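A.B. asks: Given the sequences, and given the hints that come with them, work out the whole structure.
If you want the building blocks of each chain, they are given just below.
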Amino acid sequence: MNKTRAGISLALAAMTLLSACGNGGGNNDGGEAKGSGPASSPAASGAAGENAGGKLKPEKLKIVLYGDESNRMKELAKTEFNDIVKKEINAEIEFQFLPWTEYGGGKTDLMLSTGEDFATYTDTNYMVKSVAKGLYADLTPYMDGPAAADMKKTVDDNSFKAFQLNGKQYAVPVGNKPNSGEFYSALVRQDLLEEAGMQSVSSLAELEQFYDKVHAAHPELIGFAGTDARRMLMYEYTDKNLYWQNDFLAVDESAKDDKIISWFETPEFKAYAQIMRDWYKKDIIPKYAATNTPQLTSDWNSGKAMFWSGTAARPFEGAAAISQAVPTAKLENDFLSRDLPKISRGTYSTAWFVSANSPDPERYVLFFNLLQKNQELYDLFAYGIKDKDYTLDENGRLARLTTDSLVPDWLLMNKNFMRFDKTVSEDFIQKYKAWDDDAIISKTAGFNFDNAPVKNEETKINGVFSEFLVPIASGFVDYDAYFPKALDKLKAAGFDKYMAEYQKQFSAWYAAKNG
Amino acid sequence: MAIRENKTLIVLFYIGISLFALVCLVPFALAVAGSLSTESKLAAEGYSFLPRGFTFDTYRFMFGSKAEQIVHGYLISVVATALGTACSVLVTTAYAYVITAKGFRFRNHFAFLAYFTMLFSGGTLPWYILCTKYYHLDDTLAGLFLPYLLNVFLMYLQANYFKSIPHEIVESAQMDGAGHMLVFFRIMLPLGQVGLVTISLFYALQFWNDFYLPLMLVSDEKLFTIQYMMYYMMSNIQYLASGNSAQISGVTVAPPLETAKMAMTCLTVLPIAILYPFLQRYFVRGIIVGSVKG
Amino acid sequence: MTDEAMPLAAAPGRKRRFAALRKDGSLFLLALPGVIALVLFAYLPMSGLILVFKNYNYNGGIFGSPWAGFDNFDFFFSSMDSAIRATRNTVMLNVLYMLTGTFFSVTIAIVLNELRSKWFLKAAQSIMFFPYFISWIVIGAILFSLLDFDKGLLNKLLLAVGLTPVDWYSHPWLFVVILVVSHIWKSAGYGAIIYYAVLQGIDSSYYEAARIDGASRMQLITRITLPMLIPSIILLTLLGIGGMLKGDLSMIMGVTFLNPLLLPTTDIIDVYVYRTAIRSGEFGFASAITLYQSVFGFLLVLIANKLAGWYDKDSKLF
Numbered sequence: 001m002n003k004t005r006a007g008i009s010l011a012l013a014a015m016t017l018l019s020a021c022g023n024g025g026g027n028n029d030g031g032e033a034k035g036s037g038p039a040s041s042p043a044a045s046g047a048a049g050e051n052a053g054g055k056l057k058p059e060k061l062k063i064v065l066y067g068d069e070s071n072r073m074k075e076l077a078k079t080e081f082n083d084i085v086k087k088e089i090n091a092e093i094e095f096q097f098l099p100w101t102e103y104g105g106g107k108t109d110l111m112l113s114t115g116e117d118f119a120t121y122t123d124t125n126y127m128v129k130s131v132a133k134g135l136y137a138d139l140t141p142y143m144d145g146p147a148a149a150d151m152k153k154t155v156d157d158n159s160f161k162a163f164q165l166n167g168k169q170y171a172v173p174v175g176n177k178p179n180s181g182e183f184y185s186a187l188v189r190q191d192l193l194e195e196a197g198m199q200s201v202s203s204l205a206e207l208e209q210f211y212d213k214v215h216a217a218h219p220e221l222i223g224f225a226g227t228d229a230r231r232m233l234m235y236e237y238t239d240k241n242l243y244w245q246n247d248f249l250a251v252d253e254s255a256k257d258d259k260i261i262s263w264f265e266t267p268e269f270k271a272y273a274q275i276m277r278d279w280y281k282k283d284i285i286p287k288y289a290a291t292n293t294p295q296l297t298s299d300w301n302s303g304k305a306m307f308w309s310g311t312a313a314r315p316f317e318g319a320a321a322i323s324q325a326v327p328t329a330k331l332e333n334d335f336l337s338r339d340l341p342k343i344s345r346g347t348y349s350t351a352w353f354v355s356a357n358s359p360d361p362e363r364y365v366l367f368f369n370l371l372q373k374n375q376e377l378y379d380l381f382a383y384g385i386k387d388k389d390y391t392l393d394e395n396g397r398l399a400r401l402t403t404d405s406l407v408p409d410w411l412l413m414n415k416n417f418m419r420f421d422k423t424v425s426e427d428f429i430q431k432y433k434a435w436d437d438d439a440i441i442s443k444t445a446g447f448n449f450d451n452a453p454v455k456n457e458e459t460k461i462n463g464v465f466s467e468f469l470v471p472i473a474s475g476f477v478d479y480d481a482y483f484p485k486a487l488d489k490l491k492a493a494g495f496d497k498y499m500a501e502y503q504k505q506f507s508a509w510y511a512a513k514n515g
Numbered sequence: 001m002a003i004r005e006n007k008t009l010i011v012l013f014y015i016g017i018s019l020f021a022l023v024c025l026v027p028f029a030l031a032v033a034g035s036l037s038t039e040s041k042l043a044a045e046g047y048s049f050l051p052r053g054f055t056f057d058t059y060r061f062m063f064g065s066k067a068e069q070i071v072h073g074y075l076i077s078v079v080a081t082a083l084g085t086a087c088s089v090l091v092t093t094a095y096a097y098v099i100t101a102k103g104f105r106f107r108n109h110f111a112f113l114a115y116f117t118m119l120f121s122g123g124t125l126p127w128y129i130l131c132t133k134y135y136h137l138d139d140t141l142a143g144l145f146l147p148y149l150l151n152v153f154l155m156y157l158q159a160n161y162f163k164s165i166p167h168e169i170v171e172s173a174q175m176d177g178a179g180h181m182l183v184f185f186r187i188m189l190p191l192g193q194v195g196l197v198t199i200s201l202f203y204a205l206q207f208w209n210d211f212y213l214p215l216m217l218v219s220d221e222k223l224f225t226i227q228y229m230m231y232y233m234m235s236n237i238q239y240l241a242s243g244n245s246a247q248i249s250g251v252t253v254a255p256p257l258e259t260a261k262m263a264m265t266c267l268t269v270l271p272i273a274i275l276y277p278f279l280q281r282y283f284v285r286g287i288i289v290g291s292v293k294g
Numbered sequence: 001m002t003d004e005a006m007p008l009a010a011a012p013g014r015k016r017r018f019a020a021l022r023k024d025g026s027l028f029l030l031a032l033p034g035v036i037a038l039v040l041f042a043y044l045p046m047s048g049l050i051l052v053f054k055n056y057n058y059n060g061g062i063f064g065s066p067w068a069g070f071d072n073f074d075f076f077f078s079s080m081d082s083a084i085r086a087t088r089n090t091v092m093l094n095v096l097y098m099l100t101g102t103f104f105s106v107t108i109a110i111v112l113n114e115l116r117s118k119w120f121l122k123a124a125q126s127i128m129f130f131p132y133f134i135s136w137i138v139i140g141a142i143l144f145s146l147l148d149f150d151k152g153l154l155n156k157l158l159l160a161v162g163l164t165p166v167d168w169y170s171h172p173w174l175f176v177v178i179l180v181v182s183h184i185w186k187s188a189g190y191g192a193i194i195y196y197a198v199l200q201g202i203d204s205s206y207y208e209a210a211r212i213d214g215a216s217r218m219q220l221i222t223r224i225t226l227p228m229l230i231p232s233i234i235l236l237t238l239l240g241i242g243g244m245l246k247g248d249l250s251m252i253m254g255v256t257f258l259n260p261l262l263l264p265t266t267d268i269i270d271v272y273v274y275r276t277a278i279r280s281g282e283f284g285f286a287s288a289i290t291l292y293q294s295v296f297g298f299l300l301v302l303i304a305n306k307l308a309g310w311y312d313k314d315s316k317l318f
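Protein chains in written order, with the working numbering: chain A, 1 to 515; chain B, 1 to 294; chain G, 1 to 318.
Honestly, the hints are just simulated from the structure, not real lab data. A hint or two may mislead.
[What the hints assert, rightly or not] Now the stretches of chain G that chain A is said to cover, found in silico as 3 or more residues with beta-carbon under 8 Å:
#	stretch
1	75-86
2	141-153
3	166-175
4	178-188
5	216-224
None of the values given here were measured: they were computed from a predicted structure. Even glycine gets a Cβ: it sits at the ideal position worked out from N, Cα and C.
C.D. replies: This is how it looks when you write it as structure tokens:
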């Protein structure tokens, strides 16, 4: 026992040692952050706003991106990208690439927590959590100034609101593309559909008919390349226009109220689960879906599935992959009903944030602005150098000369600037551009739930979701046999408290917005 | 009588080990064949020992324009593995000697000091802060092995091997006036060779297989190890296919290449699996010769 | 507990301690690099354990963030049935891994020890190592192609002989067997090499003496080889007991793909924490449970270490 005690005291001694130096470090960081935080910057913003690179003092910017860094990106980052950023905003730019798994956590979190100076993109979930921990710089002061002037014109105003918390702008939206009705359409293989002698699908019955016919001819194909069809099938099982906030909660966009709906407890969920159960039994959803979900996407991409849930851009985004395996493949979005307006959360792709410890967040804002400033800069960052990386034909259609991706184009995608390649039909482009015309913006757009009061409950219900609710919702097990137990578990995990808190916050926000 | 019993038994032993080795080889053979198959055929027909639609496409896809980086990645891996293993083996054997030194009053304290860290860790954040802000190991070659210098599990293994060396040998050396340094370098290391071979193998595997240190500490591409490059590629594929990316709308999903998984296995496992048995002998001899001279 | 546990503060001890220091000084020197490594990369970062009881925020840092007490443990222990199930699954799988793993490793090592063909030994040793390299993701992919309902090899075989195919991925208890077998496959070779190295160090005179006494091969194995391995078995078991509550997330993810239907037996602590805390981005919760795993393992090891001490003082860990 003697030895153990000695060991522990040694450990304690070591910890005290660190707490001494660690404290010092921590305080220093805190101090820096306070000294150079946004509060002291508005004065500088006037000077910066003139947007002539020469007048700004030199600065270094680090942009973190996720995914694979192509060779061409590497080259351009050191040459043309750097030159243009230098010229426009007098900053040296460095791109650091991280594996996707580090998005919204992992190394990104560590870099934020150690006060590194960088910017990257985020989603509203990660934003709410990070802002609570004080990890993001407040960008509000630069929003109305000249620093953000150009992108205010090219990016939708609602998108800016989506990344505000308590009236403060913590992230700057990027991208502006039609994306209403995301996953509410059935993305069908038009080539198979036509082979089966059909033109389009506009109901569940037709969708299943499509499956039956194609299945008879091509038994090796799977039907649905996913496990979640609640949006696509919504028109079938309800008259409401449901819009989901997360896995558990939805609102009815047709109703002008602030009511949050507990999705799993609705009769609609029961009806939906029964359709899915049917699909699973009929093999429209393959047996392996319960296990190997990635395989579904893989099957879709290699042309081994008949339909998937669609988005405005999927017909041409996804076509490239499929046409490698099936050159004749054509994709088309079909809604099972067109009676209800499509719902949009905002037209952004994602949003940039700046780390709390950055000495010059404004310069980052200037850079974000640059990315979406005009056609010329957009072309450069998304496609590279004309005639070297891409060519344009007389119609302005794009032909890329390299497969290397630069600043990811899904991220920049702005309907004001984006270009299509020759394979996309004029007809489709018209449809794509008009996609949002009959859309409404969700009544929840801009609401961000603060989960702090119900962190425990949220964590626990996520556990219940992945174990008990996913199998029911995807049709792996029978609703009637398994739902009562799943509901008990959900309640035991504190779902009611979570839901009440959500309702409370949403009602308050809704009243403030409409009051 | 006795001889015949022995013979059947020995034959059985050979058969048994051969069978087990075969079982160990099977998935590996499947992986090699899989990496040489076409993605669509593999998906449709499943794995087999012969490639389905023989092709080098997967390797072409992975190497693509990156052949140079991959070769460089191997180089960094080899350097980090060699340096890491050499340093670790010395540190570890020395520590193991201390906790087995007969009559050393603090040996159990040292043992506990090491054991405690096997169970308790403070998590990534403080570790990361210290490594980057205080030790400045980010973007250095040292960062690829220093944090893993002492593997307590292997330290205990080595101590276990030391314990099996007859104590009389040490005692007689000490009678002749040899100090601990001398006993350690001249007697224990050479006599504990089998242990040394074993833990150096394990250390080499650890350093070769590691992707965590480059992930955490390296952003400079020049220091990417092969294992990290593979992890990078895999994690992108996995993440995009997992549906987590739904939050970031519009990420076009890269096809999760089943064949890529297999090719990666071949690319990282093959070199060390084939080379290690040959290198091992020289390596261990190097350490012993080096330490005896030193 | 004996010679080295002499009372440190005894009055005449000072002089003796000084002499001891001179004699043992070089031992401190030998341990120094290891101690530095431990302090730098394990003990100093351990200050982060405080975070488990805190609500971390950036401005406060590790030490200045507000205290949270035991709040970070709540999500786990407030749903007791999940906590108990996760703990039970972890311990159950670990015990099974340990028993089967030790059995196979020791057996293989003993068998290897009986063989004389050098090239065969070398080849066998190398090959047995292969599985250790293959990541669980790849093993999972290969298993999947074996067990898939529609295209899996096993079901094709069943169909060929006229039996009905089985949906393998819906049988939680079957997967315990599959996990155990996968674990043996992946780590038995690794373990065997540890034990085999011990056997290589045995003085061959032991065997010769026994052989002269007329012992058969089986007797040599049970009377000499096996006893020689006991200390190593104890050591590895003790080291394993410390990790009794820790599980391998990547293994479960790779082999079961976190299939919800298999969770009744595969929901180990690390999987549960992944499904709940990590998926929700509550990393503070996750580290709290890591501490629970450590403390529990530590208590087990203290007991096991004591037991090992009764058996043989020399086989204690510390």
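A.B. asks: When the structure is checked against the list of hints, which entries are broken? Sort them ascending.
C.D. replies: Result: hints 4 and 5 break, sorted rising.
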